[in-house]
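Asks: Single-letter residue listing:
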Amino acid sequence: MSTSLTPPATDVPASVLLVTGRAECRARFEQGAFQLVLCRDGEEERVDLGFSGSRVLERLLSSPGQVVSRDELLQYAWQDRVVSQGSLNQQIYTLRQILFDSANQIIQTLPRRGYLFNPGFVVDFVSPAPTPEALPADSPPATPALPEPASEPLPPADSLVAHAARQPLRARFGARSLLAGSAAAILLAATTLGLRYWGGSSEPFSQTVGFGALQVLYIEKTERQLERLKQETSRLVTSFAGMTRAPARLIVHSSPGFYEIRCLHDDGQINWLKVHRTQVNAIPNAQLQGCLQ
Amino acid sequence: MTGSIEKGAAAARLLRVMVPAALGLWVFVAAGTTSNFSAHLEGRYSSSGEVLLSDGSVLPVHQSLAFHDGRFYALTRNAPAVVEASGRVETDLLGTTRLVVEEGAISGLDAAGQLDNELVFNLFYGKHKGARITLERVGACLYGVETQQVYCAEDQAARL
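If you read the sequences in order, they're chains A and B. Numbered as in our numbering, the first sequence ends at 704 without a single skipped number. Numbered as in our numbering, the second sequence ends at 163 without a single skipped number.
No wet-lab data here; the hints were simulated from the structure. Note that the coordinates shown come from a computational prediction; the quantities given were computed from them, not determined experimentally. Just so you know, not all the hints are guaranteed correct.
[Stated by the list, open to error] Below, a list of computed lysine to aspartate or glutamate pairs in the EDC-like style, where the Cα atoms sit at most 20 angstroms apart:
1. Lys130(B) with Glu149(B)
2. Lys130(B) with Asp119(B)
3. Lys632(A) with Glu149(B)
4. Lys632(A) with Glu139(B)
5. Lys132(B) with Glu149(B)
6. Lys132(B) with Glu106(B)
7. Lys632(A) with Glu121(B)
8. Lys130(B) with Glu105(B)
9. Lys132(B) with Glu87(B)
Start from the sequences and build out the full structure, keeping to the hints where you can.
Replies: Structure below.
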């Protein structure tokens, strides 16, 4: 078999540090050499995986925690060769044996879906990997000191799948939250604008009425109060209208207990006449004239 | 898997529309909040004249209201009673502008025994800390809803 025909694995570094099923034993997968180097008590033991076994492990390690289907593993490890499912079973069995994976916790089987490599057993990815030639069999291990694996208990396969999917799930959840937030913001803004323009306004009622040269702006809180104001001040306003031939402007409104008249002048001056309701028809003409002048 | 990818793409497209739409709407709301007349409440509003009380007596009255930097300063004189008040101008999300009284003082009330009760009530209302007076524009003037007072800017009186 020629490795030149082998498509290079792009996702897996040349060397991967692993934990095995035995606490005292670590492993380093060297894909270029198709070997697993087991490190036990400072001693190294190299185990040949063969091309297919190495490719199976390589593919599983390219996406730890993610399920790889049997078909994909067969295609990746044996490429165009026609092999039985049993060949894959055999390679998986061998890898489990080498990794002391008697409980199938390192390479996990997902029934009818495939296999996954438990990411809890991956310590680190190292690059570049030492070539097999540069690693004399009796030399001290060239690997960096293996860090301690996570001491947490290993989760079952289903939760590992969930772990692998957590990142996109988080992204989806974030997008959903953002969508919901945007929808709520749009709804709130639309409601605010609706209330501002079509409801909830305490805008007073006003009406401008002409009495000859006199323009009167009536202001009241409600339409009914406006009509009442016009009626109750009609005599007063008529008196004002009879006193001026030149254009004049008044603002008439009520405040608690009083009617208020403001005479507006072109020079900006405002004369204010505030009359108790009981006195509205008894205002001396001098005061009316004083307001207009 | 494909369905999930399609859903994700649809959500992303929706986000690209909804987030700017939400931001745009709120910019519009904020613009409406800050660009209505409350932002232009500057200057002085004043009126002077006379008040004819229920007993037929006549007293001088004066009202001044000045706005500056989002605050107001008011003086109302129903001789001899004088009320001073100051506070901030608030505009809520609905665009309603209110005067919020923060400080107020009344003087000369002892000598104003003949003042009508309604007049005294209005004087007190405008003095109390926390009192709110909603302002609505009517023509060139402002109308204080709670106190039923009208404030016209001197330079805008001709624009009735």
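Asks: Take the hints in turn and mark each one as holding or not.
Replies: Checked hints:
As the CA atoms of Lys130(B) and Glu149(B) are separated by approximately 13 angstroms, the hinted pair is consistent with the 20 angstroms bound. Proximity of Lys130(B) to Asp119(B) is assessed by CA-CA distance (about 17 angstroms); at most 20 angstroms being required, the pair is judged to hold. For the hint pairing Lys632(A) with Glu149(B), the CA-to-CA distance comes to about 9 angstroms; that is within 20 angstroms, so the pair holds. For the suggested pair Lys632(A) and Glu139(B), the alpha carbons sit about 11 angstroms apart, so the restraint of at most 20 angstroms is met.
For the given pair, Lys132(B) sits about 15 angstroms from Glu149(B) by alpha-carbon distance, which is consistent with the 20 angstroms threshold. Between Lys132(B) and Glu106(B) the CA atoms are separated by roughly 6 angstroms; this keeps the pair inside 20 angstroms, and the hint holds. Between Lys632(A) and Glu121(B), the direct Cα distance comes to roughly 17 angstroms. Compliance with the 20 angstroms bound is thereby established for this hinted pair. Between Lys130(B) and Glu105(B) the alpha-carbon distance is near 9 angstroms, which keeps this suggested pair within the 20 angstroms criterion.
Under the criterion of a C-alpha separation no larger than 20 angstroms, the hint pairing Lys132(B) with Glu87(B) is consistent with the structure, at around 12 angstroms.
The structure agrees with every numbered hint stated previously.
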